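Q: Those protein sequences? They're chains S and W, same order as listed.
Quick note on my numbering: the first sequence kicks off at 18 and runs consecutively.
Quick note on my numbering: the second sequence kicks off at 799 and runs consecutively.
Keep in mind that a hint or two might mislead.
Claimed, not checked - Derived list of chain W stretches under chain S, where covered just means 3 residues or more per stretch with a C-beta under 8 Å from a C-beta of chain S:
1. 968 to 980
2. 1009 to 1021
To be verified - Here's a subset of chain W near chain S, in silico, CB distances under 7 Å, partners left out:
3. Ile-957
4. Glu-964
5. Tyr-1041
Derived from the structure by calculation, the hints contain no laboratory data.
Predicted model, so just to flag it, every value in this text is computed and none were measured.
All residues carry an ideal CB built from backbone N, CA and C; glycine is no exception.
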Amino acid sequence: MTQALLEGHDLDVYRGERLVLSKISLNFNKGEKVAVIGRNGAGKTTLLMALAGITKYEGNLFYQSKPCHHGEHRQQIGYVPQRSQVRWDLPLQVIDVVASGMAGNPHLQGRAHRKEREEQQYRALLEVGALPLARRMINSLSGGQAQRVLIARSLVSNPDILLLDEPLSGLDVHALDQVIQLLHKKSQEGTLVVAAMHELDIVRSYFQRAIYIESQTKVIDGSSEIVLQNHFNTAKVKTIS
Amino acid sequence: MSPLDFFISPFEYSFMRNALCIVLIAGILAPITGFWALNRRMVYLMDAMSHSVLPGVILAAMFGVSYLSGGLIAALVLTIIVFYLTKKGRAPEDGAIGVGSQSLFALGVILASQSSEHRSFIHILFGNPFASNSSDIALMLITAVITLLLIISLQSKLIAATFDHEHAEAIGVKVIRIDLVLILALAATTVVGLSSVGVLMTVSLAVTPAVTMRVLQISFMKARYGAVLMGILAGTFGILLSYHLGIPVGPTVALLCLAILSISVLYMQARDAGILTNKKVISP
Chain S
18 MTQALLEGHD
28 LDVYRGERLV
38 LSKISLNFNK
48 GEKVAVIGRN
58 GAGKTTLLMA
68 LAGITKYEGN
78 LFYQSKPCHH
88 GEHRQQIGYV
98 PQRSQVRWDL
108 PLQVIDVVAS
118 GMAGNPHLQG
128 RAHRKEREEQ
138 QYRALLEVGA
148 LPLARRMINS
158 LSGGQAQRVL
168 IARSLVSNPD
178 ILLLDEPLSG
188 LDVHALDQVI
198 QLLHKKSQEG
208 TLVVAAMHEL
218 DIVRSYFQRA
228 IYIESQTKVI
238 DGSSEIVLQN
248 HFNTAKVKTI
258 S
Chain W
799 MSPLDFFISP
809 FEYSFMRNAL
819 CIVLIAGILA
829 PITGFWALNR
839 RMVYLMDAMS
849 HSVLPGVILA
859 AMFGVSYLSG
869 GLIAALVLTI
879 IVFYLTKKGR
889 APEDGAIGVG
899 SQSLFALGVI
909 LASQSSEHRS
919 FIHILFGNPF
929 ASNSSDIALM
939 LITAVITLLL
949 IISLQSKLIA
959 ATFDHEHAEA
969 IGVKVIRIDL
979 VLILALAATT
989 VVGLSSVGVL
999 MTVSLAVTPA
1009 VTMRVLQISF
1019 MKARYGAVLM
1029 GILAGTFGIL
1039 LSYHLGIPVG
1049 PTVALLCLAI
1059 LSISVLYMQA
1069 RDAGILTNKK
1079 VISP
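Here chain W stands alone, though its shape is the one from the complex:
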């Protein structure tokens, strides 16, 4: 197979062009929200979110309404459950997140078992961008742009709250409000990722690039661009490999992200050992 056959020929089909648009949108949005999830220590919450949107999305599909609204409502339900269990029930936060998300996921599985379209359930979990149409792309694009603008507008407050939440409060940053907005952004990312890599694999596309940037010790400001670049590369190669090898997109993207992370770890080990520069580096 020539490089032309691998990279260009698949995009002669409109479903592949649609799939490319979908993974590009998810590949830009997910690493940005994942970056903040990692630094605000919300990765577990994001993982929980990916499970808990399931009943909302399936109910939305049953009633023929936008899966985005269904997913966001389900994410909101998770937030309320976690808030209720931690504040009223004095349950530990990670326990409340685990219980809430698994309960909602269980409800989603029951709802899916009652649905006539079993295939769509698999697509929700593991993604199928090849089945997307232009209205899906438009909806995803609008959601992604709004979410990104929201995060960009809050950037200085996010940095202040992440580095030192007590000082952020002292200078007038409402940390709880910032976290609530971030939780909604994580929910929106999960739902946007649904069509591309599936709800379960969105966490990989979101978090692995941010982890990779940490491993590479890239500064906070540049790391977001690096994470987005990695998300775009993993997404694009993911659909190409999926097309050529006939394997599911979501897991392919997740494994590509893991491969890049592994190479980064090896690179840093080689650098620290002085193999690349003949100088041994002592990491701080």
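Only chain S is shown next, with the shape it has when bound in the complex:
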């Protein structure tokens, strides 16, 4: 049996002091593409934040079978929040934003690592097809470009888990296709991709697996086709907790 990359057992997840999800158990494997779906306020973002270690949770979370106390697995996770949560008004260049993805890594600070840092920043931009945008001001980016820049920022630390919060919302068809292809490529390279999604037709077509947050205590996990059918009360599903 393959060892899970990320495992959560009996997780109680909080947003501030409010309990959002209770006794949730989920496993994620390398290279999987997983969509997290549910109504607004169901707890999709909170679940991603718990997996990223930025909101309070109780229970057991393991990265490669090792306990993740106090976010020790953070360097392996690339977290991409909703675009609307970010300060696009600041006079920053794209390369500055990508560089900010390395701020938490103490091994890459200082002048001695400058070249190494720059190489990783440009590699991340190349990977998302945004290299020509490196010196562009962020307030002049389109929605699709901005999304790819945020993904580049998360890729700069070379993570093996990508957590994305509504990465496709507000994108036109062309930009949407670019982001989907990028996530598909990362998944094929072995990166675990977990995305909170509202676009159910895309979930059905491009994600093998879906997690439907039905209520605080009930999460439905299975192949996206089956979970989506169940979402409309038409098929059997595997229920966790």
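Place chain W on chain S using the hints.
A: Frame of chain S; chain W shown alone:
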């Protein structure tokens, strides 16, 4: 008056050379901390800080200890009041900052009324770099260098926290710690500005250059250098005008900063309207 008389002759006096050192130190430090205050949305806190250091500085003067330590302690008291009111009393943050700073300012005014030296109270509020001596300069320089080194060492974390604090937390940046250090840096800036432009006008010297760089749409990395250049220019011309016209330094520097900002706004309007290049620019 020849340019030589305006620019060079005043510096034949040692008090003017001391004043120049003081405004240069404040002119470099204040725009850097002001830049981060603007981008971290802490301008109101900095303004509050400038009011709240007053009792600490006056008590320090009464007991003959360093005004810097008095000012920093008063800033710390403001931080504790704001923290207590917001976390324990569930008061809104801007309300807590307003209440805390005005209360401390009121205490400062009462303490100043009991002080025999009323003139020094005016100097604290509006600055008087001409009265500074070499020990004042040394103390300011040390404080400014430590504060600047602290900010420079935290630069990448400050950018990460400013652009997206949630992501910064996700990659291991302790945003609360970064903000606490920045608050202390703002307090140190206010106290350093005390001798040069006064506590009330330090906010102008700190924030107006950063606002000007935003108006000019200068990128984040270059904006800090531009802000420092503006701070140095405003400070230097401020003491020269103050010397020649016999007007207070702090308000002069504040109005010079405002003049540069106004010219920048007009320049950008002219540029966007195509007056300068015959090409109309549509701002993003």
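Q: Give a verdict on every hint.
A: Verification of the supplied hints:
1. Given a C-beta distance limit of less than 8 Å, the hint that chain S covers the stretch 968 to 980 of chain W holds, as 4 residues qualify and 3 suffice.
2. Given a C-beta distance limit of less than 8 Å, the hint that chain S covers the stretch 1009 to 1021 of chain W holds, as 8 residues qualify and 3 suffice.
3. With 7 Å as the threshold, the beta carbon of W:Ile-957 comes within range of chain S, its nearest partner Cβ sitting at about 5 Å, so the hint holds.
4. Hint status for W:Glu-964 relative to chain S: holds, with the closest Cβ pair at about 5 Å, below 7 Å.
5. The interface hint given for W:Tyr-1041 is broken, as the beta carbon of that residue sits about 36 Å from the closest beta carbon of chain S, more than 7 Å.
In summary, the structure is inconsistent with hint 5 from the numbered list given earlier, while agreeing with all the others.
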